[in-house]
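Chemist: If you read the sequences in order, they're chains L and F. For what it's worth, my numbering labels the leading residue of the first sequence as 13, then goes sequentially. For what it's worth, my numbering labels the leading residue of the second sequence as 679, then goes sequentially.
Warning: the hint list may mix true and false statements.
Said to hold, decoys possible - Some chain L residues well away from chain F (every beta-carbon gap over 12 Å; in silico):
{"id": "1", "residue": "Ile23"}
{"id": "2", "residue": "Arg25"}
{"id": "3", "residue": "Gly27"}
{"id": "4", "residue": "Ala30"}
{"id": "5", "residue": "Ser35"}
{"id": "6", "residue": "Lys38"}
{"id": "7", "residue": "Glu52"}
{"id": "8", "residue": "Ser73"}
{"id": "9", "residue": "Asn77"}
{"id": "10", "residue": "Gln81"}
{"id": "11", "residue": "Gln91"}
{"id": "12", "residue": "Leu92"}
{"id": "13", "residue": "Ser93"}
{"id": "14", "residue": "Ala119"}
{"id": "15", "residue": "Pro122"}
Stated by the list, open to error - Derived pair list, reagent style BS3-like, types lysine-lysine, alpha-carbon separation capped at 25 Å:
{"id": "16", "chain 1": "L", "residue 1": "Lys109", "chain 2": "L", "residue 2": "Lys79"}
{"id": "17", "chain 1": "F", "residue 1": "Lys748", "chain 2": "F", "residue 2": "Lys735"}
{"id": "18", "chain 1": "F", "residue 1": "Lys748", "chain 2": "F", "residue 2": "Lys731"}
{"id": "19", "chain 1": "L", "residue 1": "Lys62", "chain 2": "L", "residue 2": "Lys38"}
{"id": "20", "chain 1": "F", "residue 1": "Lys748", "chain 2": "L", "residue 2": "Lys109"}
{"id": "21", "chain 1": "F", "residue 1": "Lys731", "chain 2": "L", "residue 2": "Lys109"}
{"id": "22", "chain 1": "L", "residue 1": "Lys109", "chain 2": "L", "residue 2": "Lys49"}
{"id": "23", "chain 1": "L", "residue 1": "Lys49", "chain 2": "F", "residue 2": "Lys731"}
{"id": "24", "chain 1": "L", "residue 1": "Lys79", "chain 2": "L", "residue 2": "Lys62"}
{"id": "25", "chain 1": "L", "residue 1": "Lys62", "chain 2": "L", "residue 2": "Lys80"}
{"id": "26", "chain 1": "F", "residue 1": "Lys735", "chain 2": "L", "residue 2": "Lys38"}
{"id": "27", "chain 1": "F", "residue 1": "Lys735", "chain 2": "L", "residue 2": "Lys109"}
{"id": "28", "chain 1": "L", "residue 1": "Lys71", "chain 2": "L", "residue 2": "Lys49"}
Hints are computed from structural coordinates only; laboratory data are not their basis. A virtual CB, placed ideally from N, CA and C, is assigned to each residue, including glycine.
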Amino acid sequence: QQPVQSPQAVILREGEDAVINCSSSKALYSVHWYRQKHGEAPVFLMILLKGGEQKGHEKISASFNEKKQQSSLYLTASQLSYSGTYFCGTGAGNNRKLIWGLGTSLAVNP
Amino acid sequence: DAGITQSPRHKVTETGTPVTLRCHQTENHRYMYWYRQDPGHGLRLIHYSYGVKDTDKGEVSDGYSVSRSKTEDFLLTLESATSSQTSVYFCAIRPDRGSGNTIYFGEGSWLTVV
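So here's chain L without its partners, still in its complex pose (with noise of 0.2 Å):
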């Protein structure tokens, strides 16, 4: 079942935060984060594995809960360079099989 992003878009002034959400239906074993700019291939931030592992990648952190079954990506100070589509994909146990979500566009003004 594909996770559900939220929210579709959003439109940040230069150092304003931003909290996306990626939620699921099924158990999770693991959320990957990537961002997309327009035109060019999605390019991998960070990885969440099971156990409410945070991750950081720049100013960009992001938490799992595995219970709720639901990552949040985390955008401090945000940068003009944070624009693009953020995509989250979910994998349930070995799966070899990503499922993505539709994502959500970030654009960031000056």
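Chain F: place on chain L using the hints.
Modeler: Just chain F now, kept in the frame of chain L:
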């Protein structure tokens, strides 16, 4: 750089013609994937491979076939292209060693069927 090269990067073809997209990797990873990406549908898995001559279907495999005769190459073929197959196609690999099942994408192939 995940060492993935897709070709062609852009192609325009006519309805009914066969089309083959190539994905080449330099790291000899076992797992390779073909996705298509369309507005409103996100990334959808077409086929994947877990070794030479070992392939399996994804969620949108109808109208597509794949072949993997060498570890480094994974070919996606549209036997008779249709307008509904106009899309961006991404190849991806999953490193043999690493955490979870993280995958890395190639640059993409933009296909237009007219």
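Chemist: Which numbered hints does this structure break?
Modeler: 7 and 23
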